[in-house]
Structure formats: structure tokens, C-alpha cells
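Listed here are the chains, written in short residue letters.
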Amino acid sequence: MINAAWLIPLLPLVGFLINALGKKWLSKNIVSVVACGSVLGSFVIAAGIFIGLLGGAGAQTLSLGELMNAGGFSVSLSLLIDPLSVLMTLIITGIGFFIHVYSVGYMSHDEGFARYFSYLNLFVFSMLMLVLGANYILMFVGWEGVGFCSYLLIGFWFGDNANNDAAKKAFVMNRIGDVGFLTGIFLIFITFGSIEYAQVFSSAAAMPAGLAVITTITLLLFIGATGKSAQIPLFTWLPDAMAGPTPVSALIHAATMVTAGIYMIVRSNILFTLAPITMEVITYVGVATALLGAFVAITQNDIKKVLAYSTVSQLGYMFVAVGVGAYSTGMFHLITHAFFKALLFLGAGSVIHAMSGEQDIRKMGGLKKDLPVTYLTFLAGVLAIVGLPPFSGFFSKDEILAKVFEHSTVLAVVMVITFMMTAFYIFRMFFLVFFGGFRGSEKQKSHLHESPAVMTAPLIVLAVLAVAGGFINVPETLFGHHALANFLEPVLRPSLAIIFSEEPSHATEYMLMAIAIAGTLVMFAVAYSRYLTKSHVPAASEKEQSFLYRLSSRKGYIDEFYDMIIRKPLDWISSVLNDVFDKNIFDRIVNSVGELVVVGSGVARLLQTGKLGFYLFIMVAGITAMLFFNFMF
Amino acid sequence: MITISLLCLPLLAAIFLLISRSAMAKQIALVATIAELVIAVVAAVQFVQNSSVQFLANYSWIPSLGIDFKVGMDGISLLLVLLTAFLMPFIVHVSFKKNYDKEWAFYALLLLAQSGLIGVFTSLNGFLFYFFWEAVLIPVYFLAILWGGERRVAVTFKFFIYTVLGSFFMLLGFIYLYLQTPGGSFDMAALQSVQLDREAQGWVFWAFFIAFAIKMPVFPFHTWQPDMYAESPVSVTMLLSALMVKMAVYGVFRWILPVTPLAVEDWGNVVIILSVTGIIYASCIAIVQKNLRRLVAYASIAHVGLMSAGVFSMNAEGLQGTMFQMLSHGIGAVALFYVIEMIYEKTGTMEIASLGGITSKAPVFATIFLIFILSTIAMPLTNGFWGEFLLLLGVYKYSMVLGTISTLTIVLGAVYMLRMYQASMLGKTSAVTQSFTDVTLQEGIILSVIVVVIFWMGVQPSVFIDIAKPAIENILSPVTQTVIN
Numbered sequence: 002m003i004n005a006a007w008l009i010p011l012l013p014l015v016g017f018l019i020n021a022l023g024k025k026w027l028s029k030n031i032v033s034v035v036a037c038g039s040v041l042g043s044f045v046i047a048a049g050i051f052i053g054l055l056g057g058a059g060a061q062t063l064s065l066g067e068l069m070n071a072g073g074f075s076v077s078l079s080l081l082i083d084p085l086s087v088l089m090t091l092i093i094t095g096i097g098f099f100i101h102v103y104s105v106g107y108m109s110h111d112e113g114f115a116r117y118f119s120y121l122n123l124f125v126f127s128m129l130m131l132v133l134g135a136n137y138i139l140m141f142v143g144w145e146g147v148g149f150c151s152y153l154l155i156g157f158w159f160g161d162n163a164n165n166d167a168a169k170k171a172f173v174m175n176r177i178g179d180v181g182f183l184t185g186i187f188l189i190f191i192t193f194g195s196i197e198y199a200q201v202f203s204s205a206a207a208m209p210a211g212l213a214v215i216t217t218i219t220l221l222l223f224i225g226a227t228g229k230s231a232q233i234p235l236f237t238w239l240p241d242a243m244a245g246p247t248p249v250s251a252l253i254h255a256a257t258m259v260t261a262g263i264y265m266i267v268r269s270n271i272l273f274t275l276a277p278i279t280m281e282v283i284t285y286v287g288v289a290t291a292l293l294g295a296f297v298a299i300t301q302n303d304i305k306k307v308l309a310y311s312t313v314s315q316l317g318y319m320f321v322a323v324g325v326g327a328y329s330t331g332m333f334h335l336i337t338h339a340f341f342k343a344l345l346f347l348g349a350g351s352v353i354h355a356m357s358g359e360q361d362i363r364k365m366g367g368l369k370k371d372l373p374v375t376y377l378t379f380l381a382g383v384l385a386i387v388g389l390p391p392f393s394g395f396f397s398k399d400e401i402l403a404k405v406f407e408h409s410t411v412l413a414v415v416m417v418i419t420f421m422m423t424a425f426y427i428f429r430m431f432f433l434v435f436f437g438g439f440r441g442s443e444k445q446k447s448h449l450h451e452s453p454a455v456m457t458a459p460l461i462v463l464a465v466l467a468v469a470g471g472f473i474n475v476p477e478t479l480f481g482h483h484a485l486a487n488f489l490e491p492v493l494r495p496s497l498a499i500i501f502s503e504e505p506s507h508a509t510e511y512m513l514m515a516i517a518i519a520g521t522l523v524m525f526a527v528a529y530s531r532y533l534t535k536s537h538v539p540a541a542s543e544k545e546q547s548f549l550y551r552l553s554s555r556k557g558y559i560d561e562f563y564d565m566i567i568r569k570p571l572d573w574i575s576s577v578l579n580d581v582f583d584k585n586i587f588d589r590i591v592n593s594v595g596e597l598v599v600v601g602s603g604v605a606r607l608l609q610t611g612k613l614g615f616y617l618f619i620m621v622a623g624i625t626a627m628l629f630f631n632f633m634f
Numbered sequence: 147m148i149t150i151s152l153l154c155l156p157l158l159a160a161i162f163l164l165i166s167r168s169a170m171a172k173q174i175a176l177v178a179t180i181a182e183l184v185i186a187v188v189a190a191v192q193f194v195q196n197s198s199v200q201f202l203a204n205y206s207w208i209p210s211l212g213i214d215f216k217v218g219m220d221g222i223s224l225l226l227v228l229l230t231a232f233l234m235p236f237i238v239h240v241s242f243k244k245n246y247d248k249e250w251a252f253y254a255l256l257l258l259a260q261s262g263l264i265g266v267f268t269s270l271n272g273f274l275f276y277f278f279w280e281a282v283l284i285p286v287y288f289l290a291i292l293w294g295g296e297r298r299v300a301v302t303f304k305f306f307i308y309t310v311l312g313s314f315f316m317l318l319g320f321i322y323l324y325l326q327t328p329g330g331s332f333d334m335a336a337l338q339s340v341q342l343d344r345e346a347q348g349w350v351f352w353a354f355f356i357a358f359a360i361k362m363p364v365f366p367f368h369t370w371q372p373d374m375y376a377e378s379p380v381s382v383t384m385l386l387s388a389l390m391v392k393m394a395v396y397g398v399f400r401w402i403l404p405v406t407p408l409a410v411e412d413w414g415n416v417v418i419i420l421s422v423t424g425i426i427y428a429s430c431i432a433i434v435q436k437n438l439r440r441l442v443a444y445a446s447i448a449h450v451g452l453m454s455a456g457v458f459s460m461n462a463e464g465l466q467g468t469m470f471q472m473l474s475h476g477i478g479a480v481a482l483f484y485v486i487e488m489i490y491e492k493t494g495t496m497e498i499a500s501l502g503g504i505t506s507k508a509p510v511f512a513t514i515f516l517i518f519i520l521s522t523i524a525m526p527l528t529n530g531f532w533g534e535f536l537l538l539l540g541v542y543k544y545s546m547v548l549g550t551i552s553t554l555t556i557v558l559g560a561v562y563m564l565r566m567y568q569a570s571m572l573g574k575t576s577a578v579t580q581s582f583t584d585v586t587l588q589e590g591i592i593l594s595v596i597v598v599v600i601f602w603m604g605v606q607p608s609v610f611i612d613i614a615k616p617a618i619e620n621i622l623s624p625v626t627q628t629v630i631n
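Sequence lines, in order, name chains A and B. Residue numbers for the first sequence follow my numbering, so the first one is 2 and each next one is one higher. Residue numbers for the second sequence follow my numbering, so the first one is 147 and each next one is one higher.
None of these hints come from the bench; they were simulated from the model. Glycine residues also receive a C-beta, built at the ideal position from the N, C-alpha and C atoms. Mixed in with the good hints, there may be bad ones.
Stated by the list, open to error - 30 Å max Cα-Cα, derived DSBU-like pairs, lysine-lysine:
1) B/K492 to A/K569
2) A/K24 to B/K248
3) B/K248 to A/K25
4) A/K444 to A/K364
5) B/K243 to B/K574
6) A/K444 to B/K248
7) A/K584 to B/K436
8) A/K535 to A/K584
9) B/K248 to B/K304
Claimed, not checked - Per label pair, the in silico range of CB-to-CB distance:
10) A/M565 to B/K436: 19 to 29 Å
11) A/N30 to B/V187: 37 to 47 Å
12) B/S581 to A/E112: 45 to 55 Å
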């Protein structure tokens with residue numbers, strides 16, 4: 002089975018080629034079968050390999066030889082099949098498959114149907130290269146590839162320049178992060194003489210902790226991660242990325258691509274473990290992003306924006322986990338989040354579909370009657386994300402809290418506050434959408450309908466996963482045995498040998514669980530009374546809003562801030578360089594020198610025309626002609 | 147024999163056109179350039195991958211001065227000959243719709259330029275190199291001044307004076323080196339084995355560098371370039387950006403690195419700082435350009451700046467990156483100017499602001515344009531990636547600070563290229579793009595050839611890297627040795 006691993010990325014690539022080249026001729030049915038089938042095929046192979054790994058098969062590197070070798074620098078074309086990469090592959094192809102299926106319904110009326118699926122398959126290919134590649138270059142190849150597909154899909158409806166601006170912003174911000182990633186790779190090569198994981202990690206394992214060069218490498222890699230995984234300071238592209246079709250938001254901007262930063266850190270865990278300073282930075286950036294994302298999500302009225310900021314915040318959770326050295330915990334939350342956030346986005350898509358494109362939750366309300374399946378599955382997602390037992394988010398979130406508590410009580414308190422904010426904004430959205438009376442137009446009301454089976458079936462599958470997904474890693478406190486952590490152990494072994502980790506006592510863990518659950522229930526009650534009992538609907542005007550409310554609804558004014566400190570100065574500098582320096586200074590110097598020569602030649606008047614150009618030309622032409630003549634005879 | 151055929155075929159075709167004044171000038175020129183490509187491919191197939199000079203031809207020319215007509219190709223030469231031969235059919239074909247006055251002369255001059263370029267890339271004699279270097283300029287001068295845009299005279303004049311001035315310094319450099327050879331010879335091997343002290347190397351270095359810096363052009367010697375690119379006939383713009391720029395980079399490989407290694411050690415940092423400044427400077431200016439050709443012109447200065455920084459970092463990655471990027475950049479330049487010309491033919495404008503929405507009218511055209519842009523912004527799996535990656539790695543190895551600053555090019559490049567793409571291709575259609583038609587089958591096939599090469603080089607870079615590797619290692623080993631000593 003493992004030898005078929007090359008097919009995993011190859012199938013979606015073939016799917017892309019077929020749909021991209023044949024989009025004019027292929028029927029929608031064929032396009033759908035090719036697109037969904039190729040991802041399903043990859044999933045089946047990945048599942049086979051996964052079963053092999055569970056059965057005790059070891060990690061393996063499959064090599065097709067050297068991609069290139071330029072002197073000292075060489076890159077191999079090889080795949081690394083190990084628990085981490087296979088786990089990621091299962092998420093990408095598994096959730097990816099259901100989102101493909103859902104898209105068949107969601108995009109059925111779009112004229113760009115085949116184009117959409119070709120981009121989606123290209124994305125899956127790139128994402129698989131990212132996680133399966135056995136060196137940093139292949140990771141970078143996938144990394145750039147997913148960024149480009151994200152650009153294509155955010156700007157999918159390219160007739161509207163607002164979408165195109167969002168797409169460009171996403172790409173450029175990611176490239177800012179990539180400066181970090183790329184220079185990180187350079188420094189890895191200079192330090193270890195290779196960019197192959199096997200060499201780098203085995204050399205690193207023999208190094209002492211705290212070396213400046215390792216700290217620099219990891220900080221640079223982390224800059225790359227902040228771009229791709231939307232962390233402070235490079236997160237503002239993700240909310241704008243909601244301009245793309247909703248299934249894209251579910252696949253790329255929730256479940257898979259944005260977790261690439263976490264994958265990168267977990268893959269390079271030994272490097273990060275050796276850099277305590279970087280780990281501290283990651284932890285604080287993660288906590289700050291989690292808090293900020295949740296804070297902004299509280300006042301958003303666009304259903305997708307709420308979920309987008311929620312994703313920013315939840316990715317922050319994952320970074321906190323890896324920052325405190327709990328790599329498997331970060332992966333655990335990555336998985337449960339992929340389940341419930343993909344579910345919530347697809348549910349939101351179903352709502353938007355029913356509302357004829359409306360995304361403003363103030364204009365929804367009472368949808369549970371008309372959209373029963375969407376409502377129930379969405380409820381599963383809600384309970385999972387707020388982390389009530391026994392839903393999946395409860396286990397992963399609780400594990401993060403326990404690990405953070407070990408690290409710092411203050412940060413644990415901030416995390417609990419974030420959990421509570423999360424519970425509030427999620428219930429706020431949930432109540433405004435599904436409960437109370439309908440607040441949209443009559444026309445929208447007459448149009449309300451449950452989505453077709455091709456869309457609700459994926460919702461049901463994801464709902465089951467969101468409900469039960471937590472059981473893959475039940476802690477001992479709750480009579481489990483950390484199945485996921487054990488599965489990932491071979492990947493993390495070098496780090497585990499270094500990180501001295503004391504399991505919190507069972508009493509502490511029960512206490513933390515109780516606090517988290519109590520906080521969530523309190524926020525449930527608050528949201529219930531505000532949005533259900535009092536039927537509050539967020540006001541449109543800013544006048545009656547407090548400063549804090551505006552700070553949140555205006556997204557912390559961060560876009561404005563970046564405009565002021567980056568975009569405007571860059572435009573200004575560019576204009577000055579163009580108008581002042583290039584046209585006036587450098588060119589003028591050159592021209593004056595030229596004029597001086599011309600004046601000089603004018604005085605000399607060696608030739609009657611007095612034109613230096615002609616004169617010089619005759620000279621050169623004469624010499625060459627003479628030499629040519631000489632040569633011929 | 148192959149080298150001589152490569153040199154003579156375009157020359158003979160040009161002479162034929164000049165004499166016959168054939169009405170079929172276009173077709174004859176295209177056939178000639180395609181035949182040339184076939185010969186170049188044959189050479190590539192026969193080429194043995196080692197550092198030796200192959201396909202050697204040597205005739206005595208002016209024996210008293212040690213000037214021989216000696217040509218041949220090592221891997222570096224071969225790649226640039228291949229590049230020239232691959233791009234010339236496009237450079238000829240792009241003007242087909244123009245219906246210029248005195249077409250026979252136009253195409254004859256293009257062919258003469260090709261002959262000269264092949265000469266530059268294959269000369270094994272310093273004087274011959276100089277001869278071809280100047281010989282390329284003559285047809286280009288005529289092409290630009292006779293068939294260019296409104297401001298052609300002033301712009302071409304400036305370009306001409308500037309570049310001739312630069313070459314003058316190079317000539318001085320050659321004469322100085324010649325005088326140092328025992329017995330007096332212009333033979334490349336003789337000139338390269340001249341042992342100069344540090345100070346003398348410095349003078350020779352600067353003499354050559356000024357010539358090459360103007361031609362590349364390296365900041366701040368670039369001011370002739372955007373005007374020249376904007377005013378020249380499209381074939382000449384392509385010729386300049388895709389191929390003549392490479393003459394200068396090639397010159398650094400052949401003359402500066404082997405002849406003046408100590409000076410490179412002394413002055414390399416100055417050159418690299420200038421080059422890196424140029425990358426950022428030109429990228430910023432590209433952001434605010436309003437004309438498609440001028441935007442690509444500044445983008446080109448930025449790319450060339452990176453090549454110049456890479457070649458002077460004197461490490462394997464930098465040199466390999468420069469070599470690979472010369473190919474990618476040449477192909478990318480022709481590709482971009484080709485589609486810009488198509489936009490101009492269909493809309494009558496190159497002003498970015500008056501375009502828009504072309505994707506909805508011409509999806510195939512837009513996709514091809516996007517692929518060309520991906521190559522210029524170094525997207526993995528396109529040819530642009532490997533060159534830029536190796537170059538940045540080379541500069542980073544030389545200096546982390548300069549390397550990091552250079553790496554900003556991946557951000558700025560995305561900013562100006564995607565801005566251009568969005569404004570011209572996405573959004574709503576404008577008055578001039580309303581009736582934009584998609585590519586015809588013929589145009590589609592022509593552009594697909596470039597697309598295929600872009601991905602081929604992106605997926606199998608080793609095919610091209612391995613050709614020049616031994617020759618580059620050869621250049622590098624004496625350099626490194628001297629530095630160690």
C-alpha cells in the first residue's frame with residue numbers, strides 16, 4: 002500500500018488537469034465525478050497506509066531521486082510517510098472529499114463550475130505536497146501552491162474588484178510571511194548543509210538547547226507560520242478571504258491550509274524544542290491572537306466573518322498548545338477544529354444558500370423550522386466549538402488548558418476568558434440565526450428551503466465527527482489512554498526526550514474542566530437572555546455603541562493601522578522614487594553628462610552634421626567593417 | 147562546425163533578405179530562426195556534460211595581434227545559445243501583424259542581431275567578443291531608430307551613447323590585459339591566465355564592470371532602459387530585455403570572475419549593495435507604473451539586480467541561480483512582452499488604467515498571462531522559482547542582511563505583478579476591452595510552447611542546471627582558490 006503513496010498527490014493533480022483543460026467540453030456530472038473521485042481515491046490510499054501504520058509499520062521515505070543539484074545545494078523528490086503526514090493527509094482528503102461533494106450542490110448554478118473544481122483539486126494537490134514532502138523545499142512548493150490556490154479561490158468571482166482585492170491581500174500578506182519561511186530555509190541549509198528533514202532533524206537532535214542560530218531559524222519559520230495560519234501580526238487577510246465561495250472557506254480557510262503553520266512547527270518539533278525563546282514567543286502570540294480573534298468575533302454581524310475571526314482565534318489555541326511544547330495537543334485541536342469548523346462553515350453555507358445569498362445575521366432568525374437538518378448539524382458544531390462534554394472540542398480544548406496551566410496560571414486565566422468569549426459569540430450567532438422571528442424580507446422568506454441531500458449529507462457526516470471526534474485522544478483522567486498522542490509519539494520522540502513534562506494531578510484537571518464548563522454555561526445563559534429572552538438585535542448605528550463595542554466591530558482598527566504604517570508609506574516612497582529620483586535625479590545626471598559631450602562635439606564640429614550619435618556610429622561601424630574586411634581577405 | 151553554422155545561418159539569411167528585398171521577408175526570417183533552433187537543439191543533444199569547450203572552430207584572423215576567429219561552447223555558452231535560438235522565432239513572429247515599411251530590412255536586421263548574439267556567447271577570443279558585442283548594437287540601433295515610437299530618436303540616441311561609452315571602457319580593459327599577456331594574445335585562455343596584482347585587478351574590474359553594468363543595467367546606470375523598452379518596436383524590446391541583458395551577465399561570468407577574482411573580493415560588496423538597492427528601488431517604482439511595458443521594464447531591472455547580486459556572491463548557488471535565472475528571465479520577458487503586444491493590438495493601449503475585465507472575454511488568454519506572471523513572481527513548479535531561490539540563497543550565504551533585503555523581492559514582485567494583473571484582466575470590462583477576443587488557435591499554440599517550457603524547467607530543473615554545472619564549477623574553483631590563498 003505504501004508504494005501507492007505517490008498516487009495520493011498525483012490523483013488530485015490529474016483531476017485538476019482533466020477539469021482545467023476540459024472545462025469547455027466536460028458536463029457538470031463528469032466534472033463532479035472527476036473532482037470528487039480523485040480526492041476520494043487519495044483518501045482510500047491514505048486510509049490504507051494509516052491502517053498499516055496502526056498495525057505497526059514504521060515511517061518510510063519514498064524517493065524518486067534528485068530533483069536538482071546545484072553544487073552544494075540539492076533537493077530530493079521524496080515523500081515522507083509517517084504518522085504526522087498520514088494524519089494530515091487523512092484530514093485533507095477526508096474532509097476535502099466531503100467539501101467537494103457539498104460543493105457539487107453549492108456551486109451547481111455557477112457558470113464557473115469546472116473552473117471551481119479544477120482550482121479545488123489543485124489546492125488539494127498542493128496541500129498534499131506540503132504535508133507529504135520529505136524536505137523543506139517540497140513543503141515550500143506546497144506552501145506557495147496552496148497560497149496561490151487560495152488567491153484563485155478568494156477571487157473566484159473576479160468580476161467584483163472587492164473580491165480581487167481580498168485575494169491580492171491574502172497573497173501578499175502570505176508572501177510577507179514567506180520572506181521569513183524562505184530565509185529560515187536558507188539558514189537551515191547554511192547551518193545543517195541540507196534541507197532534507199532526515200538530515201536536519203538528526204543533526205539538530207545532537208545540539209544543545211538555546212543556540213542563537215536555532216532560535217533564529219525557528220523564529221523565521223514562525224514568521225512564515227503567522228502568515229499562512231493567520232496569527233498576529235499577519236492575520237487580517239483571513240477575514241477578508243471570506244469573499245470566496247463558502248465551501249472554500251470551510252476547506253482552505255478553516256480545516257486545512259490555515260493549519261499549515263501548525264503542521265510546520267510540529268514537523269520541525271525538534272528545532273522548536275531547542276529554542277525556548279521562540280516557544281515563548283509562539284505561546285504569547287497564540288494567546289494574544291486567540292483573545293483578539295474572539296474579541297472581534299463578538300460583534301461581527303456577517304455570519305462568515307464571525308466564523309473567520311473564530312478561526313483566527315482557534316488557530317491561536319493551537320499555537321498556544323505547540324508553544325508550550327504540547328505538540329500532540331496542538332494536533333489534537335487541529336483535528337477537532339477541522340471537523341467542527343468545516344461543519345460550521347458548511348452549515349453557514351447552507352444558511353446563506355437558503356437566504357438567497359444573505360450573510361447578515363441580523364436579517365435571519367427562526368431558521369430552525371425551515372432548515373431542520375442544517376439546524377441540528379449546526380447545533381452539533383456549536384456544542385463542539387464551545388467545548389461542552391462529550392463533544393469533540395471539549396477534549397482538545399481542555400487538554401490545551403491543562404498544558405497552559407502547567408506553564409503559566411496567568412495565561413490559563415486568559416485562555417478561560419477566551420473560552421467564555423468564544424461561547425458567547427457562538428451562541429449569539431446561533432440564536433440570531435436559528436431562533437426568534439424571521440427578520441429578512443418577504444421575498445427571502447418565501448424562498449427559504451432546506452439544502453439538497455448532496456449538501457446535507459456532508460453536514461451529517463461532519464456532525465458525527467464533530468460530536469465523536471474527541472474520543473481519539475481521551476485523557477487518563479477520563480479513563481482514556483491518549484490514543485492520538487501515542488500514535489504521534491514516533492514523530493515527537495526527539496522532543497519528548499528533552500521536554501520535561503509533569504502531568505497535572507487529576508484533581509487539577511477536574512478543576513480546570515469544571516471552570517471551563519461553568520464559564521461556557523454562564524455565557525450560554527447571558528447570550529440566551531440577551532438574544533432569546535430579550536430578543537435583542539444588534540443595532541446598525543454606531544452612535545449608541547460603547548468604545549469597546551466599536552473597537553471590536555471595527556476589528557481593532559488594525560486594517561486602518563496597517564494602511565497607515567505600510568501601504569501608504571510604500572505608495573508614497575514608490576511615487577517619490579519614481580517622480581523625484583528616477584525622473585529628476587538619476588536621469589538628469591546622465592543627461593547632463595550626455596549634453597556636456599554633445600556641446601563639446603558641437604564646438605569641435607568634426608563632421609558637418611555635428612551630431613554626436615551619427616559620428617560615433619560611423620566610427621564604430623567603420624571599425625567593425627574594417628575588421629570584417631580584414632577577416633574576409 | 148555547429149558553432150559556425152549557428153553563426154552563419156542568420157547572417158546568410160539576413161544577407162539574402164538585404165539583397166533580394168523579398169516580399170516574403172517575414173516567412174523567410176521565421177524559417178531561418180526555426181532552422182537555427184533546430185541546429186541549437188542538435189548541439190544540445192551532442193553536447194557532452196563536462197567543463198570542456200566543445201564544437202570548437204578556430205581560424206586565424208589577425209595573427210600579428212593574436213586575434214583569432216575562435217569560437218566554441220561550454221555549458222554556459224550552450225545554454226545562452228539555446229536561449230537565443232529558442233526566443234528568436236517569437237521575437238520575429240511578434241512583429242508579423244505590424245506590416246512595417248521595408249520589412250525586408252527590419253527582419254534582416256533582427257537576424258543580424260541574432261548572429262551577433264551567438265557570436266558574443268561563443269567567442270573564445272577577447273577581441274572577437276568585443277567585436278560581436280559592438281556588432282549586436284548596430285542592427286539594434288537601426289531597428290530602434292527607424293521603426294520605434296514617437297520619441298525614438300532621443301531615446302535611442304541616449305541608449306547608444308551610453309552603451310558605447312561603457313564598451314569603450316571594456317575595450318580599454320581588453321587592451322590592458324592584452325598588453326600583459328606574454329607574446330601578446332587576445333585568446334580567452336591567455337587573457338584569463340594573466341596574473342595581475344590586486345590594484346591592477348581593481349582597475350580592470352571597474353573597466354569591465356561599467357560596460358556590463360550599463361548594459362544589464364545595474365542601478366543607478368539604468369535610466370536609458372525604461373524609455374528604450376517603451377519606445378522601441380516590440381521585437382527590439384524583447385531582444386534587449388531577453389537577450390542583450392544576458393550578454394552583460396555572461397560577460398561577468400567570462401571576464402570579471404576569472405580574470406579579476408581579487409577585485410571581486412574587494413569590490414563585490416559594493417556591487418552587491420548597488421544591485422540589492424536596485425532590486426528594492428526598481429520594485430517600488432514598478433508599483434506605481436501606469437504603462438504595461440514600463441512596469442515590466444522596471445520589474446526587469448529588479449530581476450537583473452538580483453542576478454547581478456547573485457553572480458558577485460561568488461558561490462555555487464549564486465552562480466547556478468544566475469545561470470538558471472538568465473534562462474527564466476529571458477523566456478519570461480519575451481512571454482510578457484508578447485502578451486502585452488497582443489493586448490495592445492486588440493485594445494490600442496498599454497495604459498493599465500484603461501484596461502480591465504479581459505478574463506471574462508478571453509479566459510484562455512488570461513490564464514496564459516497568469517502563468518507568465520507566476521513565472522516572474524517565482525511560483526514553485528514554474529521556471530522562475532529555481533533561479534530566484536538559488537539566487538536568494540546565494541546572496542543570503544554572502545550576507546544575511548543583504549539576502550534578507552533581497553528576499554523582499556518576493557513580496558514586492560507579488561504586489562506589482564498582481565496589481566497589474568488585477569487592473570488589466572480582472573474586474574469589469576472597460577470601453578476598450580469590451581470586444582476583446584480570445585486567442586486564436588495559432589496564437590494559442592505559440593503561447594503554449596512557452597507555457598510548456600516554463601513548467602518543464604520548473605519541474606525538471608536539473609536538465610538545465612546539469613548542462614552548465616561543470617563549467618560553473620570550473621569558473622568557481624580558481625576564484626575560490628585565489629580567495630583562500
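Go through the numbered hints given earlier and state which of them the structure violates, listing their numbers in rising order. 1, 2, 3, 6, 8 and 12
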